[in-house]
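Participant: The listed protein sequences correspond, in order, to chains Y and U. Counting along the first sequence from 1, when you hit position 170 you're at 278 in our numbering, and nothing is skipped either side. Counting along the second sequence from 1, when you hit position 1 you're at 109 in our numbering, and nothing is skipped either side.
Just so you know, these hints were derived from the structure itself, not from any lab. We put the CB at the ideal spot given by N, CA and C, even for glycine. Heads up, some of the hints might be wrong.
Here are the in silico distance ranges between beta carbons for each label pair [unchecked claim]:
| id | chain 1 | residue 1 | chain 2 | residue 2 | range |
| --- | --- | --- | --- | --- | --- |
| 1 | U | Gln248 | Y | Gly307 | 51 to 59 angstroms |
| 2 | Y | Glu289 | U | Ser297 | 17 to 25 angstroms |
| 3 | Y | Gly135 | U | Asp275 | 38 to 46 angstroms |
| 4 | U | Val250 | Y | Asn185 | 54 to 62 angstroms |
| 5 | U | Lys148 | Y | Ile171 | 45 to 53 angstroms |
No farther apart than 20 angstroms at their CA atoms in a straight line, the calculated lysine to aspartate or glutamate pairs in the EDC-like style are these [said to hold, decoys possible]:
| id | chain 1 | residue 1 | chain 2 | residue 2 |
| --- | --- | --- | --- | --- |
| 6 | U | Lys294 | Y | Glu300 |
| 7 | Y | Lys294 | Y | Asp283 |
| 8 | U | Lys303 | Y | Asp266 |
| 9 | U | Lys192 | U | Glu155 |
| 10 | U | Lys304 | Y | Glu293 |
| 11 | U | Lys285 | U | Asp222 |
| 12 | Y | Lys202 | Y | Asp222 |
| 13 | Y | Lys303 | U | Asp275 |
| 14 | U | Lys238 | U | Glu261 |
| 15 | U | Lys304 | Y | Asp232 |
| 16 | Y | Lys306 | U | Asp153 |
| 17 | Y | Lys111 | Y | Glu293 |
| 18 | U | Lys134 | U | Glu241 |
| 19 | Y | Lys139 | Y | Asp222 |
| 20 | Y | Lys303 | U | Glu263 |
| 21 | U | Lys306 | Y | Glu261 |
| 22 | U | Lys303 | Y | Glu293 |
| 23 | U | Lys111 | Y | Asp266 |
| 24 | U | Lys111 | Y | Glu260 |
| 25 | Y | Lys303 | U | Glu260 |
| 26 | U | Lys296 | Y | Asp269 |
There are 2 protein chains.
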Amino acid sequence: MNKGMLIVLSGPSGSGKGTVLSEFLKGEDFKLSISATSRKPRPGDKEGITYFFKTKEEFEKMIDNGEFFEYAKFNGNYYGTPKKYVLDQINNGKNIILEIEVQGAMQVKASVPDAVLIFMTTPDIKVLRKRLEGRQTEPQEVIEQRLKTALEEVEYADCYDYLVINDELEQTVSDLKAVVETAREKTKSNLEFIKKFKGEI
Amino acid sequence: MNKGMLIVLSGPSGSGKGTVLSEFLKGEDFKLSISATSRKPRPGDKEGITYFFKTKEEFEKMIDNGEFFEYAKFNGNYYGTPKKYVLDQINNGKNIILEIEVQGAMQVKASVPDAVLIFMTTPDIKVLRKRLEGRQTEPQEVIEQRLKTALEEVEYADCYDYLVINDELEQTVSDLKAVVETAREKTKSNLEFIKKFKGEI
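Start from the sequences, fold in the hints, and give me the full structure.
Facilitator: As structure tokens, this is what we get:
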């Protein structure tokens, strides 16, 4: 069986990754990765569907064992991307998409060299500021912090395989599909070459 | 100052990497990386030009400190690619090309995510066999071992950014130049985007 593709999507908060991703997923054979968390399950949560639920102690042991591509703590609860789940899925031929911040993305690339890294952002920082301010849900100092983080994150864009500029939603979804298709074709043609080289075809 | 490019070239023994590389280097602003070795300097050797010469003990300490992308032992002497030299060069804006085997290449990619990985090989294993046998310098069992290693290495081709098939020398050199130019343009356009995003242009 052929291995699945692993797509890593990063980009600043406010770049519109979430919206683009949910549109993208409608027509594609990709699954979002499932995170582990130490927060208590809430009504509607399902083990292994919404999250993998762990106790704080279990989560910390997983951290010590290097079992996460990345993890973070929000409001006293841990959230992380388990390596094993992602690797099992791609080894079983499933295509996985990870929405993950830049440092975590570099970790993924180190573990899975044929992962495809896509960086999504707004055309420029002014557009990003406008989008973040447009939400009207966050105090100005949170917005300023996010913009500062965005400038730091964008420095990593050069380490990514593809850059997608999110200007207009429909166009961006179609750009993302084209990028994924290009990456898929490249992998396919490489795999065909490997077979041909070995005289299997 | 802009960072230099780091190109990593891998491919089976007999794929013609050496010949292609020396043709490529004639017209390009790239330097080969300099290896460290524990072998004794010979007439004509120059410290820091042909090799970085180390005692066996110094070399082993560098191994323990993780100072090599890769190292190997031939005829009782160590040879290795020092991380610090490569990173210093690219940080000083120099373009470096590393000829390195597949496991080492994966190490480089983990340390330097924007390194450009190029895999070079013959059109198929039969051509490789013909080239290795044509050398008439090696016993048959060495050739069989090299072919076996080649089949293992080619499996990694899919983890590389570009695949270059070495069929005819002149064409391959021109393909390699085109691949390097594409990678350079991609980096340049990414860097321009980063500046534009930040409102610097």
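Participant: Verify the proposed pairing of lysine 139 of chain Y with aspartate 222 of chain Y, using a straight-line Cα cut of 20 angstroms.
Facilitator: OK: lysine 139 of chain Y and aspartate 222 of chain Y at ~18 angstroms, within 20 angstroms.
Participant: Between lysine 192 of chain U and glutamate 155 of chain U, is the straight-line Cα distance small enough, at 20 angstroms or below?
Facilitator: 16 angstroms, holds
Participant: Are lysine 304 of chain U and aspartate 232 of chain Y close enough, with their CA atoms no more than 20 angstroms apart?
Facilitator: 7 angstroms, holds
Participant: Tell me if the beta carbons of valine 250 of chain U and asparagine 185 of chain Y are separated by a distance inside 54 to 62 angstroms.
Facilitator: 59 angstroms, holds
Participant: Could you grab the alpha-carbon distance between lysine 111 of chain U and glutamate 260 of chain Y and see if it respects the 20 angstroms cut-off?
Facilitator: The hint holds at about 17 angstroms.
Participant: Below or equal to 20 angstroms on CA atoms is what counts here, so check lysine 306 of chain Y against aspartate 153 of chain U.
Facilitator: Violated. Lysine 306 of chain Y to aspartate 153 of chain U sits at ~40 angstroms, over the 20 angstroms cutoff.
Participant: Verify the proposed pairing of lysine 294 of chain Y with aspartate 283 of chain Y, using a straight-line Cα cut of 20 angstroms.
Facilitator: 17 angstroms, holds
Participant: Run the distance test for lysine 303 of chain Y versus aspartate 275 of chain U: straight-line Cα separation, threshold 20 angstroms.
Facilitator: 17 angstroms, holds
Participant: For the range 51 to 59 angstroms, tell me whether the beta carbons of glutamine 248 of chain U and glycine 307 of chain Y fit it or not.
Facilitator: Hint violated: Cβ distance 19 angstroms, outside 51 to 59 angstroms.
Participant: Holds or violated: lysine 304 of chain U with glutamate 293 of chain Y, Cα cutoff 20 angstroms?
Facilitator: 30 angstroms, violated
Participant: For the hint 38 to 46 angstroms, verify it against the beta carbon of glycine 135 of chain Y and that of aspartate 275 of chain U.
Facilitator: 39 angstroms, holds
Participant: Taking only the CA atoms, is the gap from lysine 296 of chain U to aspartate 269 of chain Y under or equal to 20 angstroms?
Facilitator: Holds. Lysine 296 of chain U to aspartate 269 of chain Y sits at ~13 angstroms (cutoff 20 angstroms).
Violated hints for the displayed structure, listed by number in ascending order: 1, 6, 10, 16, 18 and 22.
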